[in-house]
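Asks: Residue strings, one per chain:
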Amino acid sequence: MEQFAALLDALVTTRSRNGKLALIADYLRRTPNPDRGWALAALTDGLDFPAVKASTIRNLMTERVDPVLWTLSRDYVGDTAETASLLWPEPPADQLPPPTVAETVTILTATNRATAPGVLAGLLDRLDTSGRYALLKLATGAMRIGISARLAKTAFAQAFQVDVEEVEEHWHGQTAPYLPLFQWAAEGADAPDSSALPLFRPFMLAHPLEGPALATVTTNFADYAAEWKWDGIRVQLVRVGDEARVYSRGGEDISAAFPDVAGALPFPAVLDGELLVRGEHQGGAGNEAKQGGAASFNALQQRLGRKTVSKAMLIQYPAFVRLYDALIVEGEDLRPLPWTERRAALETLLPRLDPTRFDISQLIEAENLSALEDLRSRARDDAIEGVMLKHRSSTYVAGRRAGLWFKWKRDPLLIDCVLMYAQRGSGKRSSFYSDFTFGCWDGNPDTGAELTPVGKAYFGFTDEELKWLDSHVRRHTTARFGPVRETDKSLVLEVAFDSVHTSKRHKSGVAMRFPRINRIRADKPAHEADRLETLKALIT
Amino acid sequence: MPARLPSNMSAPFSWLKPEPMGLYIAPADAWIDPSRAVDRALVTHGHADHARGGHGETIATPATLAIMALRYGVEHGVVPVAYGETHSLPGNVRATFVPAGHVLGSAQILLEHAGERVVITGDFKRSPDPTATPFAVTPCDLLITEATFALPVFRHPPIEQEIAKLLDTRARNPDRCVLVGAYALGKAQRVIAELRRAGYTDPIWLHGAMERTCGLYEDFDIDLGDLRPVADAPKGALIGGIVMCPPSALSDRWSRRLPDPITAMASGWMRVRQRAVQRNVELPLIISDHADWDELTCTIADVNPTETWITHGREEALLRWCELHQRKARALALVGFEDEDD
Numbered sequence: 001m002e003q004f005a006a007l008l009d010a011l012v013t014t015r016s017r018n019g020k021l022a023l024i025a026d027y028l029r030r031t032p033n034p035d036r037g038w039a040l041a042a043l044t045d046g047l048d049f050p051a052v053k054a055s056t057i058r059n060l061m062t063e064r065v066d067p068v069l070w071t072l073s074r075d076y077v078g079d080t081a082e083t084a085s086l087l088w089p090e091p092p093a094d095q096l097p098p099p100t101v102a103e104t105v106t107i108l109t110a111t112n113r114a115t116a117p118g119v120l121a122g123l124l125d126r127l128d129t130s131g132r133y134a135l136l137k138l139a140t141g142a143m144r145i146g147i148s149a150r151l152a153k154t155a156f157a158q159a160f161q162v163d164v165e166e167v168e169e170h171w172h173g174q175t176a177p178y179l180p181l182f183q184w185a186a187e188g189a190d191a192p193d194s195s196a197l198p199l200f201r202p203f204m205l206a207h208p209l210e211g212p213a214l215a216t217v218t219t220n221f222a223d224y225a226a227e228w229k230w231d232g233i234r235v236q237l238v239r240v241g242d243e244a245r246v247y248s249r250g251g252e253d254i255s256a257a258f259p260d261v262a263g264a265l266p267f268p269a270v271l272d273g274e275l276l277v278r279g280e281h282q283g284g285a286g287n288e289a290k291q292g293g294a295a296s297f298n299a300l301q302q303r304l305g306r307k308t309v310s311k312a313m314l315i316q317y318p319a320f321v322r323l324y325d326a327l328i329v330e331g332e333d334l335r336p337l338p339w340t341e342r343r344a345a346l347e348t349l350l351p352r353l354d355p356t357r358f359d360i361s362q363l364i365e366a367e368n369l370s371a372l373e374d375l376r377s378r379a380r381d382d383a384i385e386g387v388m389l390k391h392r393s394s395t396y397v398a399g400r401r402a403g404l405w406f407k408w409k410r411d412p413l414l415i416d417c418v419l420m421y422a423q424r425g426s427g428k429r430s431s432f433y434s435d436f437t438f439g440c441w442d443g444n445p446d447t448g449a450e451l452t453p454v455g456k457a458y459f460g461f462t463d464e465e466l467k468w469l470d471s472h473v474r475r476h477t478t479a480r481f482g483p484v485r486e487t488d489k490s491l492v493l494e495v496a497f498d499s500v501h502t503s504k505r506h507k508s509g510v511a512m513r514f515p516r517i518n519r520i521r522a523d524k525p526a527h528e529a530d531r532l533e534t535l536k537a538l539i540t
Numbered sequence: 541m542p543a544r545l546p547s548n549m550s551a552p553f554s555w556l557k558p559e560p561m562g563l564y565i566a567p568a569d570a571w572i573d574p575s576r577a578v579d580r581a582l583v584t585h586g587h588a589d590h591a592r593g594g595h596g597e598t599i600a601t602p603a604t605l606a607i608m609a610l611r612y613g614v615e616h617g618v619v620p621v622a623y624g625e626t627h628s629l630p631g632n633v634r635a636t637f638v639p640a641g642h643v644l645g646s647a648q649i650l651l652e653h654a655g656e657r658v659v660i661t662g663d664f665k666r667s668p669d670p671t672a673t674p675f676a677v678t679p680c681d682l683l684i685t686e687a688t689f690a691l692p693v694f695r696h697p698p699i700e701q702e703i704a705k706l707l708d709t710r711a712r713n714p715d716r717c718v719l720v721g722a723y724a725l726g727k728a729q730r731v732i733a734e735l736r737r738a739g740y741t742d743p744i745w746l747h748g749a750m751e752r753t754c755g756l757y758e759d760f761d762i763d764l765g766d767l768r769p770v771a772d773a774p775k776g777a778l779i780g781g782i783v784m785c786p787p788s789a790l791s792d793r794w795s796r797r798l799p800d801p802i803t804a805m806a807s808g809w810m811r812v813r814q815r816a817v818q819r820n821v822e823l824p825l826i827i828s829d830h831a832d833w834d835e836l837t838c839t840i841a842d843v844n845p846t847e848t849w850i851t852h853g854r855e856e857a858l859l860r861w862c863e864l865h866q867r868k869a870r871a872l873a874l875v876g877f878e879d880e881d882d
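Residue numbers (our numbering), protein chains in the order written: chain V, 1 to 540; chain Y, 541 to 882.
Bound conformation, chain V alone:
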């Protein structure tokens, strides 16, 4: 437990992704089974002890510490587990040695609501401050230390020099403490057999079409098939036997939020597609042909991230999958086949699928890349993000491989905004003002209009531009609020963004998707920046 506690402490104060990866990888290499497996489960939210709740900790503490002092401390620290770890009274001497992670898990698993407080107290007595913090985080299952499951899996891959996509593939179907996974990655044993489980298969991903790739594709255009890139969420639909799952890009099981889709696949298969919501609510009715029946991403967000979904939701925001690819069909692995053959197989499946739940992503016919570019720029359907180019002979390989698939996003929308506030960044950027809030005029600036904040961006600029922006902020500060500086609102920034939507949560009434600083327009006077009405006219 001490090693795990030290890992958590270090992760809390390490900002950089690479730093976190190195810490976790190092821990996984140094720690024996099964401790490292349980620790990995804790980091990826794979542990749950229903008998231990935040209230268990609170009750334990108020039995030992004056309730007023507990509340004052908790309010100051802001985290129940941490407060308890700091306030836990020093135990009498001659305690058992600190428990291992595995021992802790075994002990906690055996508890029920009645025994949990006493058992937890016994464990707390065996640990120091850091150990108590780790124990309480582990026991309540809420780490909240900024480690995603994907990051932990990447660290696992890094620790044992295996491919992260392979880790993803084998991960699903394994449960903590993941002994077969460690035996495979660390000791060279065979990979765990998973053909009988509805598992996630890592996605094949695309490179942006830019630089030298642009020339390659232009020259060999006939080698590539083009299709629209839809603005939903990329999903994998898996059915094995009677079990069906919907997985998101990161391999997260989102079946619970999309039971309508999960239950719609009538035969065993693994299919790749874009999850979309029918477009009636975004003004899509009546121009469904043009819209392809899909609403904007905003509509889909109504259903994303839900643990369960109501009947009303299912009716109001019906989901469907626009199919891109077939990985496995009725036990046959199509991944080693070229794209053309997989596509043909996918097309033959279509008549067997419910048309309200499935359609196929149409191919775009274009003579050459410039014709395709023309089609792309004319596509104003807001469910279209751009186009995809897939090499016709490409097998389905996990991850992002050079030269096979390309994404070619629509040109971004642009607007000139005025820099209003800047905040210091973190990690490498902690000495730089690198998070910028910008605004548009809410009317005519020459007749008393004010700036309304419309968005925030912290990338898009080069290192040189960042230095310049940082120095501008320091020289043009008019007020400070903690880490935030208000500027004199003299600098115009050209902001690029993918789309803009109405939003009740923002004062401006609009929310941009993916805003970034495109250009610094030091040449442009602030009063010539765009107005809010200009931005609103771009709402899709």
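Read the hints as simulated data drawn from the structure, not as lab findings. We put the CB at the ideal spot given by N, CA and C, even for glycine. Some hints could be false.
[As the list claims (entries may be wrong)] A few chain V positions that, by computed beta-carbon distances, are all more than 12 Å from chain Y: (1) THR13; (2) THR106; (3) ALA121; (4) LYS307; (5) ALA344.
[What the hints assert, rightly or not] Coverage of chain V stretches by chain Y, computed from C-beta distances (three or more under 8 Å per stretch; other residues unrestricted): (6) 71-77; (7) 82-95.
Given chain V, work out where chain Y should sit, using these hints.
Replies: Same frame as chain V, now just chain Y:
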């Protein structure tokens, strides 16, 4: 006509008046640590929020006066009073300066008047510090205590443990440097002295704001070893080294010149993870020159006054502790003493 009570028969300690700008000793027309210029000031120690220039007369320990001369240009009207010495103020008030253990020259002030003994702790700590004279328990009727870290979550670990953490981090990162944010007066010198005590003899590199205060400590015979200004460092010399700077410089442009620094901060607040995270600190070092919760409560018990006044920090929790231990206490509201960096 009713007889007037003699002044010394009025309510206990009524000759001492807590005002927003400091503690006023009425019969002596003197202030303790006033935040504005006054005619007569008694100063507990040299930190900027307690010691300021412009007073008619400044009464303090010789080391505190030296700090005030160096940092705030205080040269006129100074009255040095050594530890243990008693200085007579007008109005039959006697002031004795007692070591507080906070920083070089820091003192508690014992006031005696009308048969009553009052101790103002100023900022203090009980844990050992090679750069400050240890705190002395002084019996009194009224104890006026600081409360910067007055929450039971604040327990400062032994400094050796934190110094070991610092040296270990340095050793494990030979390609980087460790940048330690620490108060330029007191904390920096304590950390340096403890590093030396732990056997670290390499040069320690200083931010410009620390050079003069370190020099002053050495004038008072506190050996800090080989100290060098960062500004003079030849290219590459800082790699694998320890650099000290004031907390404000940690995220300042100044730090960009350093070779991939690991940001450390020496502060009692580092006990709470989110405080470290908020300040972008990678290596939190829980080192404070203030009393922690245990020291605060044990000091009240040791001094055992009939009444306790609480100021400078989190009065609420210490008030609650006094209530739980049947001790008479009240909170004072003095301005300007929240110590964000210590």
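Asks: If a hint holds in the structure, say so; if it does not, say that too.
Replies: Evaluated hints:
Against chain Y, the non-interface label of THR13 (chain V) is violated: not every CB pair exceeds 12 Å, the least being about 5 Å. Listed as a non-interface residue, THR106 (chain V) keeps its Cβ farther than 12 Å from every Cβ of chain Y; the least gap is roughly 28 Å. Separation of ALA121 (chain V) from chain Y is adequate, the least Cβ-Cβ distance of about 18 Å exceeding the 12 Å criterion. Non-interface status of LYS307 (chain V) relative to chain Y is upheld: no Cβ of that chain comes within 12 Å, the nearest being about 28 Å off.
Distance check for ALA344 (chain V) against chain Y: the nearest CB is about 54 Å away, which clears 12 Å, and the non-interface claim stands. Only residues whose C-beta sits within less than 8 Å of a C-beta in chain Y count toward coverage, and the segment 71-77 of chain V has 4 of them, enough to reach three; the restraint holds. Restraint check on the segment 82-95 of chain V versus chain Y: 4 residues with Cβ-Cβ distances below 8 Å, three needed, restraint holds.
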